[in-house]
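Q: The lines below spell out each chain.
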Amino acid sequence: MSDAPAYRLDELARRFELELRGHGDATIRGVSTLAAASPDRLAFLANPRYVGDLRDTRAGVVVLREEQASECPTAMLLAEDPYLAYAKIATLFERQAAAEPGVHPSAVVEAGARIAAGASIGAFCHVAGSAIVEDGAVIGPHCIVGDDCSVGAQSRMVARVTLVTRVRLGKRVLIHPGAVLGADGFGIANNHGRWLKVPQLGGVLVGDDCEIGANTTIDRGALEDTVLEEDVRLDNQIQIAHNVFIGAHTAMAGCSAIAGSARIGRHCLIGGSAGVLGHLEIADRVTITAMSLVSHSIREPGDYSSGTPLQDNRAWRKNAARFKHLDDMARRLAELEKRLARNKENP
Amino acid sequence: MSDAPAYRLDELARRFELELRGHGDATIRGVSTLAAASPDRLAFLANPRYVGDLRDTRAGVVVLREEQASECPTAMLLAEDPYLAYAKIATLFERQAAAEPGVHPSAVVEAGARIAAGASIGAFCHVAGSAIVEDGAVIGPHCIVGDDCSVGAQSRMVARVTLVTRVRLGKRVLIHPGAVLGADGFGIANNHGRWLKVPQLGGVLVGDDCEIGANTTIDRGALEDTVLEEDVRLDNQIQIAHNVFIGAHTAMAGCSAIAGSARIGRHCLIGGSAGVLGHLEIADRVTITAMSLVSHSIREPGDYSSGTPLQDNRAWRKNAARFKHLDDMARRLAELEKRLARNKENP
Amino acid sequence: MSDAPAYRLDELARRFELELRGHGDATIRGVSTLAAASPDRLAFLANPRYVGDLRDTRAGVVVLREEQASECPTAMLLAEDPYLAYAKIATLFERQAAAEPGVHPSAVVEAGARIAAGASIGAFCHVAGSAIVEDGAVIGPHCIVGDDCSVGAQSRMVARVTLVTRVRLGKRVLIHPGAVLGADGFGIANNHGRWLKVPQLGGVLVGDDCEIGANTTIDRGALEDTVLEEDVRLDNQIQIAHNVFIGAHTAMAGCSAIAGSARIGRHCLIGGSAGVLGHLEIADRVTITAMSLVSHSIREPGDYSSGTPLQDNRAWRKNAARFKHLDDMARRLAELEKRLARNKENP
Chain A
1 MSDAPAYRLD ELARRFELEL RGHGDATIRG VSTLAAASPD RLAFLANPRY VGDLRDTRAG
61 VVVLREEQAS ECPTAMLLAE DPYLAYAKIA TLFERQAAAE PGVHPSAVVE AGARIAAGAS
121 IGAFCHVAGS AIVEDGAVIG PHCIVGDDCS VGAQSRMVAR VTLVTRVRLG KRVLIHPGAV
181 LGADGFGIAN NHGRWLKVPQ LGGVLVGDDC EIGANTTIDR GALEDTVLEE DVRLDNQIQI
241 AHNVFIGAHT AMAGCSAIAG SARIGRHCLI GGSAGVLGHL EIADRVTITA MSLVSHSIRE
301 PGDYSSGTPL QDNRAWRKNA ARFKHLDDMA RRLAELEKRL ARNKENP
Chain B
1 MSDAPAYRLD ELARRFELEL RGHGDATIRG VSTLAAASPD RLAFLANPRY VGDLRDTRAG
61 VVVLREEQAS ECPTAMLLAE DPYLAYAKIA TLFERQAAAE PGVHPSAVVE AGARIAAGAS
121 IGAFCHVAGS AIVEDGAVIG PHCIVGDDCS VGAQSRMVAR VTLVTRVRLG KRVLIHPGAV
181 LGADGFGIAN NHGRWLKVPQ LGGVLVGDDC EIGANTTIDR GALEDTVLEE DVRLDNQIQI
241 AHNVFIGAHT AMAGCSAIAG SARIGRHCLI GGSAGVLGHL EIADRVTITA MSLVSHSIRE
301 PGDYSSGTPL QDNRAWRKNA ARFKHLDDMA RRLAELEKRL ARNKENP
Chain C
1 MSDAPAYRLD ELARRFELEL RGHGDATIRG VSTLAAASPD RLAFLANPRY VGDLRDTRAG
61 VVVLREEQAS ECPTAMLLAE DPYLAYAKIA TLFERQAAAE PGVHPSAVVE AGARIAAGAS
121 IGAFCHVAGS AIVEDGAVIG PHCIVGDDCS VGAQSRMVAR VTLVTRVRLG KRVLIHPGAV
181 LGADGFGIAN NHGRWLKVPQ LGGVLVGDDC EIGANTTIDR GALEDTVLEE DVRLDNQIQI
241 AHNVFIGAHT AMAGCSAIAG SARIGRHCLI GGSAGVLGHL EIADRVTITA MSLVSHSIRE
301 PGDYSSGTPL QDNRAWRKNA ARFKHLDDMA RRLAELEKRL ARNKENP
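Residue numbers (our numbering), protein chains in the order written: chain A, 1 to 347; chain B, 1 to 347; chain C, 1 to 347.
Mixed in with the good hints there might be a few duds.
Heads up, the list lumps identical chains together, so a pair's fine if it works in one copy or across two of them.
[Unchecked claim] Computed cross-link-like contacts, BS3-like style, restricted to lysine-lysine with a CA-CA straight-line distance of at most 25 Å:
hint	residue 1	residue 2
1	K324	K171
2	K171	K197
3	K318	K171
4	K344	K88
5	K324	K338
6	K338	K171
7	K324	K88
8	K344	K197
9	K318	K197
10	K197	K338
11	K197	K324
12	K197	K88
13	K338	K318
14	K318	K344
15	K171	K344
16	K318	K88
17	K88	K338
18	K344	K324
19	K171	K88
Keep in mind that the hints were calculated from the coordinates and are not lab data.
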């Protein structure tokens, strides 16, 4: 570990434009949690839940907001947004093996594929003859780049990613293992009781700087493309149906799902396991909380939810049973109000 | 694109038995949405949501119902079910590379495997010695055909599909990338606090003309088979547990899940992210709306739902908090009714 | 099938310490359901739902509780927990091809990888130079063992499993196809409207005897490890976010999801499609029913639920519409109570 990165505190303060309180000549060799940090580590406090850990930390330096400074027993770097400042600093300590340009001897690249000299194609990759891989792209082992697919410059498919048909990735796109982009949309027409498959003739368009999680699926469009604008961030096991449009800078948490032809705005946050029905529109800057179902279009920014709170099962059963008669309860309540109003008038 | 398909309007009308209104000699070279169509494209109107696009369309011809004919500014093909008619016509314009029969040199086929001469085995496939692949089957790159698995004639595994053990696919089955069929069912028995794995000795039986979406999982049975009858259509990321039975012509939307030994009828529609508990039965022609949980057997055809509607978070929080006391509210309401009834009797 | 396993009834009784009622010299050649069993098969009755099948069974012997003995028309083995006894017996009849030690010629093993002589590496596997595979481990076809990953003795990756980075598996871990362990956690910081990726520097630690289902994803930690203690059992399509901790002997059903840094106790049961929000704690021996959302920490053992019951859609719509005004209903109910109390005082 002799070549592990190391930075002086005053160097970090200068580089990230943060105010340092403490000795600038201490050396930081990595990042850590407040609870586990040793004196050569940098930690941060963003979530107030962890302020107890701050008081006891042995970290060499803590990134935090000024208002927590009095609680900090060690050197500190003051930041308006400690998590953001930490994220920038932590990249210094991330060691990622550089991929060697070239095609692994075990890969199958069909004649006609255009692969830039600076691109890297890993073991057991399969690249179709009509595919394009641009400069600096890194395609890890076991990936498939299918018909009419292209991978933009500096994009990275970590491993075992499948681009099926007509998928175009922008620059610096990051895709995690098991993701499948460009499979057939789920288009079926009922033909007197039997299903007839509807051809899926569109593609998938992924903007620059998008990230797509492990085992996430994004189907190609029926006629036009399924679209992710730039900087869309998708967690694991998300399902994006055909012809969905997701605006720039929207982030979706794990297991959320968007049905066909829905249109999601920019800067939205979609919670884990949330769902959006098809053919809806969601405005910019909308937040959907975890496990909510969006069943109508949302025109205004804000936070939206559905569902019921968690209870112990015995209490929940009683309440849930009453839910089945809620309309009846509402009618009876209105009836009582009416009778009491009458009583008042004619006591 | 000189060899792209092209059809005269009168030819399309004749072939699909639709009434043409307009000049029969116009040429159609593809399909499109109403909004994006150019004069050599065919479009369709099925969802009334898009009737505004109809009025402005530049399509060469539109497939629609007669009652919308007066709104259509261009040639039209009249259909009772425009989506179905479109689906049939669109297949003319789908170009799919024909797979060459034979085994890709990179594939590993173990001794004993029976592979029909007309079948195609793609790059990096692994076929077990006890496997059978029938004529015309197309197995794309990175697929695994495991022990005692068989792939019926004309079936297609697009890419990276895994058939683990004792999976038998019928004819013309289509499976999308990342799907896993025939993995162990989740059978565990509690042995004084530790889990003991229960052997999963059954298989998976998939009927003719089924379609299985990307990253969908279908576990093999514990004793008997997990069964999909013919023409079952599964979207992406669906979970089918061991010993589930799904009747013919049932379609399930993305992320839905069926627990062990549940029995789903024929011609059912299961909405996205819906769930069905284990050991239940659902009758034929049942529709479950998105994100509903089926917690008891359903004996009658019809539509079924659970959940609460989406609201802005502030309103939802207030209502959700009251849900925790719904049983208490119901009791208090009944109490008031009783008191008012007494008041009436003894005013 | 001449070499299929066969056991005399008295031998089974002795080996598994069960009381036999019936002739000990009958031969059992396999296991089956009560309904399908033939006279050379063993069946069991655990779920009272199937007691009807017991009366008509043709099984050679049935494993059941003493209180059902009078209903059983055939030989029986009495067990306090028939499912557990069955699970133990059934392993006798499971035939699993033994994997041959050694590295398949098609596999790519990078220089430096330490692979025990007794380990088996399947076709098309990719093993990084920093990886370790211990004795008796079986790595099926199409698996990836990435940087700084290790596979403990006797563990089995069935096929197409991806260990991305810093994943350490204990002994006898079983992982099903499509699972992805050690992908980047979903850590993003908002940088004036654009997302900045937060380095994910931790790993994944999986204890002995864990089982991980098909297409399940377990992200690596941001700073410290994501942890599964021993004997954790995960079904298919489960999502475990970064820095989650799952206590020993906990079992989770398909499609459930745990958000980042949540801490689940020991001996918990998490139902299908259930969700747990981030940074929460769940005590030992907690059961969460299917499709419930855990939105606050749970300090006491017990069963917990959220959601509403399934109804026919017409009734559900009416009740769901009222849910939007539940807070208003509660206020009006309280108001009526107040007025009636006043009336009583001042009639």
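Q: Run every hint past the structure and note whether it holds.
A: Okay, the hints, checked on the actual structure:
For the identical chains of this complex, K324 and K171 are neighbours neither inside a copy (52 Å) nor across copies (45 Å), given an alpha-carbon limit of 25 Å. Taking identical chains as interchangeable, the C-alpha atoms of K171 and K197 lie at most 25 Å apart only when they sit on different chains, with a minimum of 15 Å there against 34 Å within one chain. In this homomeric assembly, K318 and K171 never come within 25 Å of each other (Cα to Cα): the closest approach is 54 Å inside a single copy and 45 Å across copies. Proximity of K344 and K88 under a CA criterion of 25 Å is satisfied in neither setting, with 69 Å inside one chain copy and 68 Å between copies.
Taking CA atoms no more than 25 Å apart as the test, K324 paired with K338 passes in both settings, with 24 Å inside one copy and 21 Å between copies. Within a single copy, K338 and K171 get their C-alpha atoms no closer than 65 Å, and across copies no closer than 65 Å, so neither meets the 25 Å cut-off. Taking the closest pair of Cα atoms, K324 and K88 never come within 25 Å of each other, the shortest separation being 52 Å inside a single copy and 43 Å across copies. Taking the shortest alpha-carbon separations for K344 and K197, neither the intra-copy value of 65 Å nor the inter-copy value of 65 Å comes in at or below 25 Å.
With identical chains, the CA atoms of K318 and K197 are never at most 25 Å apart, being 45 Å at best within one copy and 35 Å at best between copies. Taking the shortest Cα distances, K197 and K338 never come within 25 Å of each other, neither inside one copy (56 Å) nor across copies (59 Å). Proximity of K197 to K324 under the C-alpha cut-off of 25 Å is found in neither arrangement, the shortest distances being 38 Å within a copy and 39 Å between copies. Taking identical chains as interchangeable, the C-alpha atoms of K197 and K88 lie at most 25 Å apart only when they sit on different chains, with a minimum of 9 Å there against 48 Å within one chain.
In this homomeric assembly, K338 and K318 come within 25 Å of each other (Cα to Cα) only across copies, at 21 Å, whereas the closest approach inside a single copy is 28 Å. Neither within a single protomer nor between protomers do K318 and K344 lie at most 25 Å apart by alpha-carbon distance, with minima of 34 Å and 30 Å respectively. In this assembly of identical chains, K171 and K344 lie within 25 Å of each other by CA distance neither inside one copy nor across copies; the values are 73 Å within and 75 Å between. Neither within a single protomer nor between protomers do K318 and K88 lie at most 25 Å apart by alpha-carbon distance, with minima of 50 Å and 39 Å respectively.
Taking identical chains as interchangeable, the C-alpha atoms of K88 and K338 are never at most 25 Å apart, the minima being 63 Å within one chain and 59 Å between chains. Within a single copy, K344 and K324 get their C-alpha atoms no closer than 32 Å, and across copies no closer than 29 Å, so neither meets the 25 Å cut-off. Proximity of K171 to K88 under the C-alpha cut-off of 25 Å is restricted to the intra-copy arrangement: shortest distance 20 Å within a copy versus 37 Å between copies.
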